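Enquirer: With chain A fixed as given, assemble chain B onto it according to the hints.
Each protein sequence line maps, in turn, to chains A and B.
For the first sequence, this note's numbering assigns the number 1 to the initial residue and increments by one for each residue that follows.
For the second sequence, this note's numbering assigns the number 1 to the initial residue and increments by one for each residue that follows.
Don't read these hints as lab results, they were simulated from the structure.
From a predicted model like this one, the values you see are computed outputs, not experimental measurements.
A few of these clues could be false.
Since the list gives no way to pick one copy over another, a pair counts as held whenever it fits inside one copy or between any two copies.
In silico lysine to any residue, SDA-like type, Cα no more than 25 Å apart, as pairs [as the list claims (entries may be wrong)]:
#1 38 / 141
#2 18 / 139
#3 18 / 140
#4 18 / 45
#5 38 / 13
Protein chains: 2
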Amino acid sequence: MRMNELSTATGVPVPTIKFYLRERLLPAGERTHPNQSKYSEAHVRRVRLIRALIEVGGLSLASVRGVIAVLDMPGVQLHDVLGLAQHALSPPQSATPDTDDFRAAHQQVGALLEQLGWHVSSGNPGRNGAAAVLTTLTALNQERLTSILEPYAHAAEIAARAELDAVESAGDRDTIVETAVIGMVVGEPLMLAMRSLAEEHLSAQRLSKNSGSADC
Amino acid sequence: MRMNELSTATGVPVPTIKFYLRERLLPAGERTHPNQSKYSEAHVRRVRLIRALIEVGGLSLASVRGVIAVLDMPGVQLHDVLGLAQHALSPPQSATPDTDDFRAAHQQVGALLEQLGWHVSSGNPGRNGAAAVLTTLTALNQERLTSILEPYAHAAEIAARAELDAVESAGDRDTIVETAVIGMVVGEPLMLAMRSLAEEHLSAQRLSKNSGSADC
Numbered sequence: 001m002r003m004n005e006l007s008t009a010t011g012v013p014v015p016t017i018k019f020y021l022r023e024r025l026l027p028a029g030e031r032t033h034p035n036q037s038k039y040s041e042a043h044v045r046r047v048r049l050i051r052a053l054i055e056v057g058g059l060s061l062a063s064v065r066g067v068i069a070v071l072d073m074p075g076v077q078l079h080d081v082l083g084l085a086q087h088a089l090s091p092p093q094s095a096t097p098d099t100d101d102f103r104a105a106h107q108q109v110g111a112l113l114e115q116l117g118w119h120v121s122s123g124n125p126g127r128n129g130a131a132a133v134l135t136t137l138t139a140l141n142q143e144r145l146t147s148i149l150e151p152y153a154h155a156a157e158i159a160a161r162a163e164l165d166a167v168e169s170a171g172d173r174d175t176i177v178e179t180a181v182i183g184m185v186v187g188e189p190l191m192l193a194m195r196s197l198a199e200e201h202l203s204a205q206r207l208s209k210n211s212g213s214a215d216c
Numbered sequence: 001m002r003m004n005e006l007s008t009a010t011g012v013p014v015p016t017i018k019f020y021l022r023e024r025l026l027p028a029g030e031r032t033h034p035n036q037s038k039y040s041e042a043h044v045r046r047v048r049l050i051r052a053l054i055e056v057g058g059l060s061l062a063s064v065r066g067v068i069a070v071l072d073m074p075g076v077q078l079h080d081v082l083g084l085a086q087h088a089l090s091p092p093q094s095a096t097p098d099t100d101d102f103r104a105a106h107q108q109v110g111a112l113l114e115q116l117g118w119h120v121s122s123g124n125p126g127r128n129g130a131a132a133v134l135t136t137l138t139a140l141n142q143e144r145l146t147s148i149l150e151p152y153a154h155a156a157e158i159a160a161r162a163e164l165d166a167v168e169s170a171g172d173r174d175t176i177v178e179t180a181v182i183g184m185v186v187g188e189p190l191m192l193a194m195r196s197l198a199e200e201h202l203s204a205q206r207l208s209k210n211s212g213s214a215d216c
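Next up, chain A with everything else stripped away, as it sits in the complex (with noise of 0.2 Å):
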């Protein structure tokens, strides 16, 4: 198919297409004129996933362009894939805190890891984000919220479960990988979702039993 048709079945815009190809987030077609190219189904996932990308998942260009080149290394294994794109995904660190209260948090997110009984490598961004959760916790005496830790630990854990479940059902070695990255980037936003609702259902469920009332 040509740009324009490209266009038209993924409902991108040409310029934005045009944006893609030069900043190499897009393959090049196959030249057929000088200034003619041709493109496949390849290029119409791709430019989907670029979009969903950058519109759902809120990814930067540099951010959209990592998760890209996990998707392209030959041969990756799906656990390297996942370990890559979580780096490729996660907010940029800013350098670690260097303060005692940064460390002790470090080591708590250590114990619970422990405890849990799951085993993650030290590299991985989730301990210095959780440390930094209960960093700030600590900051604002708000150190009550540090018995949510372990809820969310949990609740984590179904989550993760049921994208790695629905990453082993897809067919090929592609799809798989596909499926996992774009998990991993609708996973946050439907999340937050979840958690807007289920907030609303409890509190009212608590209010209601508060005061008494029979029903609402």
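Expert: Same frame as chain A, now just chain B:
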């Protein structure tokens, strides 16, 4: 305390505190001289909260202003605070797409809520958020990932329950409201971190099971 003492107590530089004052995120101190004001413990608490909202929550100034406005509403109920804070914390919604796919996704979310027995208002931003994710999955031919919706709902319920438990354990009304808002804000990066850890743990576990190695 004076401005420079407020800076020392919070670790936030004086120019940043002046910026918070100018932006009316922080109430003015009590004027003691034409060029000097006195600040209280309430200011320390508020400065720390603003910094956490911006640095950990990644909120825009507009969102911080929205959250602060909710905190400062006199006599507002916790349930309403949660709802208002959710709206303040939700990413600005682009106009709801007027497409058949989006409408179908919206109905699918409604059906799931009914099935779960969750009572949630039609204005809850989570409805559109979840529908947007479903629409994306359809556009990407990743219908298999819609299987994560229900497990995500259960995971979100566990997370939200833990937050509400922590919130209810806070003593006075101001602390309750502050805990609720901080819990909402840190919940997002915390869940992201925990998912990252859970994904590595589970994918390593499955990989070793599939490859038949005894342990790792």
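Enquirer: When no copy is named, should residue 18 and residue 139 be tagged within, between, both, or neither for a Cα gap of at most 25 Å?
Expert: between (47 Å within a copy, 21 Å between copies)
Enquirer: If the cut is 25 Å between Cα atoms, do residue 38 and residue 141 qualify within a copy, between copies, both or neither?
Expert: Between copies only: 22 Å across, 60 Å inside.
Enquirer: Can you give me the call for residue 38 and residue 13, within, between, both or neither, at a CA distance of at most 25 Å?
Expert: Classified as within; 17 Å inside a copy, 56 Å across copies.
Enquirer: Pop the pair residue 18 and residue 140 into one bin, within, between, both or neither, using alpha-carbon distances up to 25 Å.
Expert: This pair counts as between: shortest inter-copy Cα distance 20 Å, intra-copy 47 Å.
Enquirer: When no copy is named, should residue 18 and residue 45 be tagged within, between, both, or neither for a Cα gap of at most 25 Å?
Expert: within (16 Å within a copy, 49 Å between copies)
Checked against the numbered hints given earlier, the structure satisfies every one of them.
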